[in-house]
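In the order they appear, the protein sequences are chains A and B.
Our numbering applies: residue 13 is where the first sequence begins, and numbers increase by one.
Our numbering applies: residue 389 is where the second sequence begins, and numbers increase by one.
Any given hint might turn out to be false.
[What the hints assert, rightly or not] Simulated restraints on C-beta separations:
id: 1; chain 1: B; residue 1: 459; chain 2: A; residue 2: 110; range: 15 to 23 Å
id: 2; chain 1: B; residue 1: 395; chain 2: A; residue 2: 198; range: 22 to 30 Å
id: 3; chain 1: B; residue 1: 433; chain 2: A; residue 2: 170; range: 32 to 40 Å
id: 4; chain 1: A; residue 1: 242; chain 2: B; residue 2: 427; range: 28 to 36 Å
id: 5; chain 1: A; residue 1: 116; chain 2: B; residue 2: 456; range: 40 to 48 Å
id: 6; chain 1: A; residue 1: 117; chain 2: B; residue 2: 395; range: 18 to 26 Å
id: 7; chain 1: B; residue 1: 426; chain 2: A; residue 2: 178; range: 27 to 35 Å
Derived from the structure by calculation, the hints contain no laboratory data.
From the three backbone atoms N, C-alpha and C, an ideal C-beta is built for every residue, glycine too.
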Amino acid sequence: MTWSIAAPAVTAAFLASIVEVVEAFTIVLAVATLRGWRPAAWGTTAGLALLAGIILLLGPLLDRVPIHSLQLAIGILLLLFGMGWLRKASLRAAGIIPLHDEDAIFAAETAQLGQRTRHQQSNLDWVAGITALKAVLLEGLEVVFIVIAVGAGRGLLLPASLGALAACALVLAAGAMLHRPLSRVPENTLKFGVGVMLSAFGVFWTGEGLGIAWPGQDLALLLFVALFLAAGLVGASLARRVSVEVVQ
Amino acid sequence: MTVLKEVVAELITMFVAERRLTIAVLGVVTVAGCLANFTDLDPLVAGTMMLLGCLILLIESVWRSAKASTT
Chain A
13 MTWSIAAPAV TAAFLASIVE VVEAFTIVLA VATLRGWRPA AWGTTAGLAL LAGIILLLGP
73 LLDRVPIHSL QLAIGILLLL FGMGWLRKAS LRAAGIIPLH DEDAIFAAET AQLGQRTRHQ
133 QSNLDWVAGI TALKAVLLEG LEVVFIVIAV GAGRGLLLPA SLGALAACAL VLAAGAMLHR
193 PLSRVPENTL KFGVGVMLSA FGVFWTGEGL GIAWPGQDLA LLLFVALFLA AGLVGASLAR
253 RVSVEVVQ
Chain B
389 MTVLKEVVAE LITMFVAERR LTIAVLGVVT VAGCLANFTD LDPLVAGTMM LLGCLILLIE
449 SVWRSAKAST T
């Protein structure tokens with residue numbers, strides 16, 4: 013394991029997990045605020061159990077896939093996922109689409125859940141629990157994909173998982189102390205950074221999967237990170253200019 | 389069933405953030421793969437073309453979305 017590839021993998025898993033866990037935490041907190049911690053806890057536990065089941069089911073299959081095919085498949089998925097994040101983060105940075113607002117999402121989720129529970133009086137805790145389960149499962153799936161994607165290509169699953177677990181622990185500790193949505197987390201900056209890293213990993217793995225020997229091997233990843241960062245910034249700057257021209 | 393549907397929909401949107409960008413990226417990767425494996429071209433040149441293609445597609449997608457949102 014070399015640090016030039018382990019460090020970006022762990023950092024990407026850590027930062028991406030912070031974003032996803034913050035989003036899941038906001039919804040679980042809305043459930044707990046409206047219906048108490050019991051449905052929030054069982055929904056979260058069930059979501060985590062489902063995620064663990066998916067990992068246990070699919071994890072061993074990864075070892076059976078030839079390394080080049082695995083790198084190619086994961087590389088392409090990473091490219092699509094990472095460039096999607098980077099595109100959205102650039103548009104948010106340019107003010108074209110609104111920033112992710114955890115306070116607003118918390119308020120909307122609480123109102124929506126309140127409305128839903130009024131219509132289904134008999135199953136209030138059930139509806140609340142399912143909402144928490146869905147949030148944990150959907151955001152958790154993204155974390156699982158990122159950990160597998162940045163870790164599986166070079167046997168870095170354990171360090172990437174530790175990065176994700178550290179992020180979970182950090183968000184949960186902050187949430188337990190504050191008891192409110194973590195709206196001060198610079199989510200778009202994190203998404204921008206993670207989008208850059210995932211896109212760079214995407215090009216790297218796809219190339220390796222296609223049999224391309226990158227010069228400098230793992231160090232090429234650092235160049236890819238710099239290029240995607242520059243492209244994201246150029247994109248955001250062009251988008252900002254477009255919106256300024258329209259205003260004028 | 390609704391939860392399952394939402395999970396599947398979420399999985400699709402994870403990788404298809406914008407259809408045109410997704411198709412274009414897949415196209416660039418396919419062309420690079422063909423050039424690297426089925427022609428005499430140095431695979432590194434194909435890889436460089438893939439990298440540059442992705443960078444250009446990203447900038448174009450952001451610029452196009454900005455333009456579309458303001459018209």
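Each hint tested on the structure:
1. Hint check: residue 459 of chain B to residue 110 of chain A, Cβ distance near 19 Å, so the stated range 15 to 23 Å holds.
2. Remark: the range hint 22 to 30 Å for residue 395 of chain B to residue 198 of chain A is upheld by a beta-carbon distance near 28 Å.
3. Here the CB-CB span from residue 433 of chain B to residue 170 of chain A is close to 36 Å, well matched to the stated 32 to 40 Å.
4. Residue 242 of chain A and residue 427 of chain B have their C-beta atoms about 30 Å apart, which keeps the hinted 28 to 36 Å range intact.
5. A beta carbon spacing of about 24 Å between residue 116 of chain A and residue 456 of chain B contradicts the range 40 to 48 Å that was offered as a hint.
6. Taking the beta carbon of each, residue 117 of chain A and residue 395 of chain B are about 19 Å apart, inside 18 to 26 Å as hinted.
7. Take residue 426 of chain B and residue 178 of chain A: their Cβ atoms lie about 44 Å apart, and the range 27 to 35 Å is violated.
In summary, the numbered hints that this structure violates are 5 and 7.
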